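So the chains spell out like this:
2 protein chains.
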Amino acid sequence: MTAERLVVIGGDAAGMSAASQARRLKGPDELSITAFERGHFTSYSACGIPYWVGGDVERRDELIARTPEEHRARDIDLRMRTEVTEIDVAGQRLRSLDRESGETAWTGFDKLVIATGARPVRPSLPGMDAPGVHGVQTLDDGQALLDSLDRVGAVRADRAGPGSGVRRAVVVGAGYIGVEMAEAMLKRGFEVTVLNRGEQPMATLDPDMGRLVHDAMDALGITTVNRAEVTAIRTGPEGRVSAVETADSSYPADVVVLGIGVEPETALARAVGLPVGPHGGLLTDLSMRVAGHENIWAGGDCVEVLDLVAGRTRHIALGTHANKHGQIIGSNVAGGYGTFPGVVGTAVSKVCDLEIARTGLREKDARAVGLRFVTATIESTGRAGYYPGARPMTVKMLAEYRSGRLLGVQIVGRDGAAKRVDIAAVALTAGMTVERMTSLDLGYAPPFSPVWDPVLVAARKAVTAVREAGTA
Amino acid sequence: MTAERLVVIGGDAAGMSAASQARRLKGPDELSITAFERGHFTSYSACGIPYWVGGDVERRDELIARTPEEHRARDIDLRMRTEVTEIDVAGQRLRSLDRESGETAWTGFDKLVIATGARPVRPSLPGMDAPGVHGVQTLDDGQALLDSLDRVGAVRADRAGPGSGVRRAVVVGAGYIGVEMAEAMLKRGFEVTVLNRGEQPMATLDPDMGRLVHDAMDALGITTVNRAEVTAIRTGPEGRVSAVETADSSYPADVVVLGIGVEPETALARAVGLPVGPHGGLLTDLSMRVAGHENIWAGGDCVEVLDLVAGRTRHIALGTHANKHGQIIGSNVAGGYGTFPGVVGTAVSKVCDLEIARTGLREKDARAVGLRFVTATIESTGRAGYYPGARPMTVKMLAEYRSGRLLGVQIVGRDGAAKRVDIAAVALTAGMTVERMTSLDLGYAPPFSPVWDPVLVAARKAVTAVREAGTA
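Here the protein sequences come in this chain order: A and B.
The opening residue of the first sequence carries number 101 in my numbering; numbering runs sequentially from there.
The opening residue of the second sequence carries number 101 in my numbering; numbering runs sequentially from there.
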């Protein structure tokens, strides 16, 4: 018997989860597994980079869940620093380039997994490639940024004198990565300015909730500039970044961090006509098989996922989805069974002690798919009001007009705000109405919740809003 | 027009929530509201008493959500220290006793709300009424205990000498109140012994999970004695408690706290033949109306509630249910509409930094209602493993044999363990299978969760257990 040949493109969350799960189900006699990774690392937590840069996580290697050696010990033929440059779909083979030796080779496959991830959006502006301008997408990026911080620190120390100790970081973008990197730079002792193109930071929230994040960042000493469109990066005499220019102003910078977001890395797949959706991600069926291709699967940051609330696909680059995709693909390629039904759009983050969470649809998402809705916003606390450490929490809820079906929840607060969004994530998955949510049997004890959990208070207010809208 | 007469028996969570909600919907011209409370306080958080005794909450009045004066300012005729002694159902009136003046009176009603709460189980053993033996059901109880602690502190200080500084507290019972009071006594500087009748502390968990609580309490310096049946309270020369006796041993005690649980207070209702269930609580319909009585409602700790997972009624004394009942009753008596569909049995608690949570059925609950099931227990952490402060968390999941329907979840751990049970509470409410749960879109970011949330890890293991049981 000849072993079936599984080939995986991409050695991070989705790709190596798929390889590992397939290996769990089938031994090397039945299934050979080859994986190509163009970078230096496998199976690492990109989401952890801000905490490594900020110093909460001490060593880079703590972010690596499994090293190449560990994968190889499990009979996965992992080719590091090797980039796949071409897929021959009909010929069931692919061409790869060894970035160390420069050699190319063809490798045949019976089954192919595409897990090429996402690439950071990097606007083509003057100075964007100057030393001191950093993305934070990969471990290599993180290391380069840390090296840059050391350099800046050293430079500034050399020049010690009145006022010269101030080091300035400009973060471009105020989404998850932007606000997390703002925290990291603050922790590294920088004066931090966040340049945000939108009306408020955290465009994944409605602007009224983003405003709360803005206020909290102010209070933390982070300057946020909204409606700021970066036009150029200015460099100093040594060629290093010196300032970030916008249409209206100029912001001095010793270091610049780009947190503008990512887009699916699908050049390879598109070159051979694999189907991509409106957001540029590969389109798969429920088993994560690429639409129209019996022997090709795709998962992780390079695919679009079904938004179960909107009934449309979205692109969401998030490790938790990538891991699920990999698990499902690994099962399916090895004769098991698994499906990925879709997402409800849950995301959590923090800036210092401020927790930010969302799930489901924002107002503009709901409008975009033709849903009419009501909103309810309440303030409460994460613990009983009398319990030490009780801090404010704002919950905004969207419910469908008439039906009262939950459409989305956004939470900004402290002390247990973020993971409370899971209540709404499950309720969205189940298609619950806000009326049904008012009687949810949620955990109550004074250290963990007021007697009415903030989510219940929001649901009660949403019920009233639905009723009033229905009779208006 | 004569105002309709609403009368409420019991001035705490359920009763005063009902009165307040009714008043919100109808003014005094339409509805007169009279409420009787035999104690000194209204609308207070009994769940907060352990934290007041332990010193986390400084003042008793912080536990009071609304004073008698505040209720009266909202046109609720509140009669404090006045006990209802008899209900005349046919005559639509009740008799009350003013505990200050000793006077009795009849009051007529058109609609009646029974919210008489629960009374602590207090075994009739020798010495049970000795000074230094305390329940912690009411604010009066809490004050008496605090006075007792002051007295004990003073006595021991007087006797200052080698070793004499040790003060000992014995807590009888290892349920929620027991473990919370153990923490409170520890914080007050006592050597704490918990006497537990069961196999492990926290009988609301399966014994394997209770064992984890036991171990953690050991590590906190709390001695837990399992299978300990109290036989007597021994008193010293001044008549004060000196030790607690069990069949096997004797435990010296300067103070004894009873945390044995409560039972519905329904003597008044039973005397007139109102229906009670197998756990001694009043039986109501979905609108919280007492079964068979058009104009009588009941809610809070004196009623039984439908367990949506087991399909049977249970008695659960918990402020969050009482508040919901009150809200619903208040709406219904005032011409609005609300129902209480039931509970899934969620409860959370903590001992120092150990968090304890459960929802749904334990193994013995499932067996008792004829459900066949599998279990899955996993260990994970509340944050990404590399994120500072990541601490272990154990999740146990029960799923129905063949169908894979979620039946229950128990969590013991630190750092975000308790409120994670809400994920399972909503999933139980929605009747989800553990298979469906594996793809739940839960909030992920390193400070808040590993990339696979512990609940997802447990669900994955439960899926395997269901499959293996089905093919066995």
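Hints in this document: simulated from the structure, not taken from any laboratory.
One thing to keep in mind: the hints can contain errors.
Each pair may be met inside one copy or between any two copies, as identical chains are not told apart.
Stated by the list, open to error - Derived pair list, reagent style SDA-like, types lysine to any residue, alpha-carbon separation capped at 20 Å: (1) 126 <-> 567; (2) 126 <-> 564; (3) 126 <-> 415; (4) 126 <-> 105; (5) 561 <-> 463; (6) 464 <-> 439; (7) 126 <-> 227; (8) 287 <-> 472; (9) 561 <-> 227; (10) 287 <-> 385; (11) 126 <-> 266.
Bear in mind that the values here come from a model prediction, so they are computed numbers and not experimental data.
Verification of the supplied hints:
1. 126 <-> 567: between (56 Å within a copy, 18 Å between copies)
2. 126 <-> 564: Answer is between; shortest inter-copy Cα gap is 17 Å, intra-copy 55 Å.
3. 126 <-> 415: neither (31 Å within a copy, 50 Å between copies)
4. 126 <-> 105: within (12 Å within a copy, 74 Å between copies)
5. 561 <-> 463: within (17 Å within a copy, 37 Å between copies)
6. 464 <-> 439: neither (29 Å within a copy, 33 Å between copies)
7. 126 <-> 227: neither (50 Å within a copy, 68 Å between copies)
8. 287 <-> 472: neither (43 Å within a copy, 53 Å between copies)
9. 561 <-> 227: Classified as neither: same-chain Cα gap 50 Å, cross-chain 51 Å, threshold 20 Å.
10. 287 <-> 385: Neither: 43 Å inside a copy, 57 Å across copies.
11. 126 <-> 266: neither (57 Å within a copy, 63 Å between copies)
The structure fails hints 3, 6, 7, 8, 9, 10 and 11 (numbered hints given earlier, in ascending order).
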